[in-house]
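**Student:** Residue strings, one per chain:
Protein chains: 2
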Amino acid sequence: MIDINWKPNKNSSKALYRQIVDYIISEIARGNFAIGTKIPSQRKLAEIFEVNRSTIVEALDELKSRGLIEGNKGGGTTIINNTWSLLSSKPELNWKNYIEGSIHKPNLRTIQMVNRLEYTENIIRLGTGEPGPDLFPRHMMNKVLNRCLNRITSLGYLEAKGLLELRRVISEYMRKYGIQVPPSSILIVSGALQALQLISLSLLPPGSKILVEDPSYLKSLHIFQSLGMNLTGLKMDGEGIILEEIQKNGGKNADKMLYTIPTFHNPTGIVMSENRRIKILKYCGDLRIPIVEDDVYRELWIEKSPPMPLKSRDKNGNVLYLGSISKCLAPGFRIGWIVGPESVIERLADIKMQTDYGSSSISQMVLMEWISSGLYEEHLKEFRRKLKFRRDKTIEILKDNFKDIASWNIPQGGFYIWLKLNSNISINKLFQESIKEKILINPGSMYSFSNNQNLRISYSYALMDQMEMGLKKLSHIIRKLEKEQNSC
Amino acid sequence: MIDINWKPNKNSSKALYRQIVDYIISEIARGNFAIGTKIPSQRKLAEIFEVNRSTIVEALDELKSRGLIEGNKGGGTTIINNTWSLLSSKPELNWKNYIEGSIHKPNLRTIQMVNRLEYTENIIRLGTGEPGPDLFPRHMMNKVLNRCLNRITSLGYLEAKGLLELRRVISEYMRKYGIQVPPSSILIVSGALQALQLISLSLLPPGSKILVEDPSYLKSLHIFQSLGMNLTGLKMDGEGIILEEIQKNGGKNADKMLYTIPTFHNPTGIVMSENRRIKILKYCGDLRIPIVEDDVYRELWIEKSPPMPLKSRDKNGNVLYLGSISKCLAPGFRIGWIVGPESVIERLADIKMQTDYGSSSISQMVLMEWISSGLYEEHLKEFRRKLKFRRDKTIEILKDNFKDIASWNIPQGGFYIWLKLNSNISINKLFQESIKEKILINPGSMYSFSNNQNLRISYSYALMDQMEMGLKKLSHIIRKLEKEQNSC
Numbered sequence: 001m002i003d004i005n006w007k008p009n010k011n012s013s014k015a016l017y018r019q020i021v022d023y024i025i026s027e028i029a030r031g032n033f034a035i036g037t038k039i040p041s042q043r044k045l046a047e048i049f050e051v052n053r054s055t056i057v058e059a060l061d062e063l064k065s066r067g068l069i070e071g072n073k074g075g076g077t078t079i080i081n082n083t084w085s086l087l088s089s090k091p092e093l094n095w096k097n098y099i100e101g102s103i104h105k106p107n108l109r110t111i112q113m114v115n116r117l118e119y120t121e122n123i124i125r126l127g128t129g130e131p132g133p134d135l136f137p138r139h140m141m142n143k144v145l146n147r148c149l150n151r152i153t154s155l156g157y158l159e160a161k162g163l164l165e166l167r168r169v170i171s172e173y174m175r176k177y178g179i180q181v182p183p184s185s186i187l188i189v190s191g192a193l194q195a196l197q198l199i200s201l202s203l204l205p206p207g208s209k210i211l212v213e214d215p216s217y218l219k220s221l222h223i224f225q226s227l228g229m230n231l232t233g234l235k236m237d238g239e240g241i242i243l244e245e246i247q248k249n250g251g252k253n254a255d256k257m258l259y260t261i262p263t264f265h266n267p268t269g270i271v272m273s274e275n276r277r278i279k280i281l282k283y284c285g286d287l288r289i290p291i292v293e294d295d296v297y298r299e300l301w302i303e304k305s306p307p308m309p310l311k312s313r314d315k316n317g318n319v320l321y322l323g324s325i326s327k328c329l330a331p332g333f334r335i336g337w338i339v340g341p342e343s344v345i346e347r348l349a350d351i352k353m354q355t356d357y358g359s360s361s362i363s364q365m366v367l368m369e370w371i372s373s374g375l376y377e378e379h380l381k382e383f384r385r386k387l388k389f390r391r392d393k394t395i396e397i398l399k400d401n402f403k404d405i406a407s408w409n410i411p412q413g414g415f416y417i418w419l420k421l422n423s424n425i426s427i428n429k430l431f432q433e434s435i436k437e438k439i440l441i442n443p444g445s446m447y448s449f450s451n452n453q454n455l456r457i458s459y460s461y462a463l464m465d466q467m468e469m470g471l472k473k474l475s476h477i478i479r480k481l482e483k484e485q486n487s488c
Numbered sequence: 001m002i003d004i005n006w007k008p009n010k011n012s013s014k015a016l017y018r019q020i021v022d023y024i025i026s027e028i029a030r031g032n033f034a035i036g037t038k039i040p041s042q043r044k045l046a047e048i049f050e051v052n053r054s055t056i057v058e059a060l061d062e063l064k065s066r067g068l069i070e071g072n073k074g075g076g077t078t079i080i081n082n083t084w085s086l087l088s089s090k091p092e093l094n095w096k097n098y099i100e101g102s103i104h105k106p107n108l109r110t111i112q113m114v115n116r117l118e119y120t121e122n123i124i125r126l127g128t129g130e131p132g133p134d135l136f137p138r139h140m141m142n143k144v145l146n147r148c149l150n151r152i153t154s155l156g157y158l159e160a161k162g163l164l165e166l167r168r169v170i171s172e173y174m175r176k177y178g179i180q181v182p183p184s185s186i187l188i189v190s191g192a193l194q195a196l197q198l199i200s201l202s203l204l205p206p207g208s209k210i211l212v213e214d215p216s217y218l219k220s221l222h223i224f225q226s227l228g229m230n231l232t233g234l235k236m237d238g239e240g241i242i243l244e245e246i247q248k249n250g251g252k253n254a255d256k257m258l259y260t261i262p263t264f265h266n267p268t269g270i271v272m273s274e275n276r277r278i279k280i281l282k283y284c285g286d287l288r289i290p291i292v293e294d295d296v297y298r299e300l301w302i303e304k305s306p307p308m309p310l311k312s313r314d315k316n317g318n319v320l321y322l323g324s325i326s327k328c329l330a331p332g333f334r335i336g337w338i339v340g341p342e343s344v345i346e347r348l349a350d351i352k353m354q355t356d357y358g359s360s361s362i363s364q365m366v367l368m369e370w371i372s373s374g375l376y377e378e379h380l381k382e383f384r385r386k387l388k389f390r391r392d393k394t395i396e397i398l399k400d401n402f403k404d405i406a407s408w409n410i411p412q413g414g415f416y417i418w419l420k421l422n423s424n425i426s427i428n429k430l431f432q433e434s435i436k437e438k439i440l441i442n443p444g445s446m447y448s449f450s451n452n453q454n455l456r457i458s459y460s461y462a463l464m465d466q467m468e469m470g471l472k473k474l475s476h477i478i479r480k481l482e483k484e485q486n487s488c
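Residue numbers (our numbering), protein chains in the order written: chain A, 1 to 488; chain B, 1 to 488.
By construction, these hints were calculated from the structure, which means they are not laboratory data. From a predicted model like this one, the values you see are computed outputs, not experimental measurements. A few of these clues could be false.
Calculated cross-link-like contacts (lysine-lysine; reagent style DSS-like; alpha-carbon spacing at most 30 Å) [as the list claims (entries may be wrong)]:
1) K235(B) <-> K209(B)
2) K143(A) <-> K143(B)
3) K38(B) <-> K282(A)
4) K64(A) <-> K315(B)
5) K420(A) <-> K386(A)
6) K143(B) <-> K38(A)
7) K480(B) <-> K436(B)
8) K282(B) <-> K64(A)
9) K282(B) <-> K38(A)
Listed next, the stretches of chain A that the computed footprint assigns to chain B, with coverage defined by at least 3 CB atoms under 8 Å from CB atoms of chain B [stated by the list, open to error]:
10) 139-151
11) 156-164
12) 217-225
13) 315-326
14) 343-350
15) 361-373
Every residue, glycine too, gets a C-beta built ideally from N, C-alpha and C.
All chains should be modelled from the sequences, with the hints used to inform the complete structure.
**Tutor:** Shown next, in the form of structure tokens:
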């Protein structure tokens, strides 16, 4: 057992739990607390340090999350320090600190919980934004793999922008969208998230302001915040971002950028109207606000194809366009692409090479065969048909179970229904109660700049009978919480 | 044509060319120099600004490299600005500045040239550190793809540490090396470069000192320097890093880490002796200097397998171990792995998820089949046989052509011969003259902390008849330069 002759200073401005954490770290660093040493019980520690037990719990939680101590089955706690966890426990630690410092904490906690709970067995995921495993076109994948036989003749490093044949195929494919660019203006990346990371690292000075829709998928990521950027939310109406919102937040003389998902917006499903697209493009062009257009849902229209991308009207290289097959085919390829002015693409490619030496050549070759064989387009037709079924079914379930307790949009494509509860029950409580019933929801606060009563429902992931069961149970929980609230 | 009423201030402490660059950038930003505008000739600009023509050349070079102007065939220069290149031209731009600020410039220029010239057609690459295309086991790759048919049933996001089945297979595989770790202590990454990036981002405070062998492959990367770390070179002897070198540079009270390639070191081919391994591990353990052991060449032994990894004797989680198949099979998979204490692996996995949502699932599945089918081990046997042939042949060519002008080691594995020229001809001149003859060499200065007369020769890439032709020509060029020098 450890011998402790130290107490926190109650007059210090440093929180008590923090003093205790720092003390224990320094003792480990000095070698006084050896690995494998048992530390006293919480009750005992509270006595020794003369603090409340809750302070001890907080301190131990932090030490645990840093990998310095470990609870064991018998209830004791043991020092499991190693040199690495000590290194990373230095207070100035960059990345981690950025994250902890810059994100609204409870929000972050929900996001982390959602990410972790997604891998719980038998949980029904009502909000997961990726195609469910049953939607993967296995049969076509086999055809594609067969085409690859004898064609993969070597797997060396590729040029910095990615496999030329794939960029050719994508360049050709994007003419459909009114985007005419040579393969040299395309950079293959490992998905849209990496694209955003490269843009932050190589194009945006720290402290830049990123204008985004409120709510926005981007709010649920750490990527920009981690790199010291500030997100500003722009209000939307049924046609997308409200122009005045950019005017209000986009004055001159500041480093800023607009990030938008104009087509089948995540999480609201909104499609920006053609008229609004034209206005926003012109306005941002005049004010020299560069635009990142995230267009990964474009192919997932249900009734009719959406307006052309902003990029198709971009004459001055003001728009960086992000494409990906993660939503339309499968995220496991980890392949997306950035389209932009060649000089910008070259800079991004340079930074990408320094980061990971390029994306998987196998993924790129297989995807090239998917698109060039025509199987990708064939798959999309089938996928749209299945999405329509899923959307209609989900709306039907909502009508049957949520009519009196919520309102929602009917998306024209993409994956998302932005469900708004009528009552003001605690969404946090709803989240917790749902978990107990093995139902995982994505609270709207993950995506929003303020608290709200929304949930993101995605009809892309769960099987429809699961969706039905899950939504039914969810409506019961909501009703129960409403009742509890009213009886208070 | 542009109208200019401005001159640089000759009394300013700011360099003239820099003033001109900043002036032109600000004019573009204000919209005074529109896209497509032709700018005056160099001669004319020198007149207008009242500076030397060389100052103009320097300024235009910088504007060109930033993607703000472009030369056209007719000899004129045109503004090609766009909002993105302006954003990234801000002086405080992070990443790019780090790189430019922290790396020895001529060194950087050679590295960039080598990277670019590798993609020149018909160039003979004498120093490229990857398996040549002819060494790729196409036939076995087909067998593996056949095994994958019907097994790729979905391609969703994977858990943060990577495909569990692959981690199991790697965990099993590494017992061969005396490393016994559960799959939960393994993180799949997109190659060793990404591993180093994750370690820098999440474990090392900026300003940390990285101790490395001198010379070291790491010196040719930007990764640590870009993130504000300082590399310190440690002298080696025939048994690897000299212990006293760590003692000299590794005092207490500083954030430092040792990065080492103890087995078939890049670029010298040295294998650290067993005795040295034991000593270094103990010494670093006592001083709490964490170690990154880069072990990607281990399987490429020729006569006998090398001593066990440092990691196999690591009792305290002091070593992070890097493995990869890039050198043994093909870099295009973009798959490597980190082995370390579970708490550290979890932190790294968390940052990886925020960076790219994980590595390609296809690559991971295909690799899993490679290893679990036994085809990988079969391939390694064949590969070692071929490497022995290549090494012997290359040594023979050196004996025939370099006996009187250079000395070299005979590597016991890996790819590299560290050729040392006897004379002190300019290696830069040698590089330039070689390029004219379509021969690409990797000068030792790319890897070293000081100038030297070395070249890294790699017998892994070029075909052997190319190698013969290339080395013969190289010896002629060296002799010619020696003669020129003697006649001066």
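**Student:** Give a verdict on every hint.
**Tutor:** Here's how the hints hold up against the structure:
| no. | hint | verdict |
| --- | --- | --- |
| 1 | K235(B) <-> K209(B) | 16 Å, holds |
| 2 | K143(A) <-> K143(B) | 16 Å, holds |
| 3 | K38(B) <-> K282(A) | 25 Å, holds |
| 4 | K64(A) <-> K315(B) | 21 Å, holds |
| 5 | K420(A) <-> K386(A) | 25 Å, holds |
| 6 | K143(B) <-> K38(A) | 53 Å, violated |
| 7 | K480(B) <-> K436(B) | 14 Å, holds |
| 8 | K282(B) <-> K64(A) | 27 Å, holds |
| 9 | K282(B) <-> K38(A) | 25 Å, holds |
| 10 | 139-151 | holds (count 7) |
| 11 | 156-164 | holds (count 4) |
| 12 | 217-225 | holds (count 3) |
| 13 | 315-326 | holds (count 4) |
| 14 | 343-350 | holds (count 4) |
| 15 | 361-373 | holds (count 4) |
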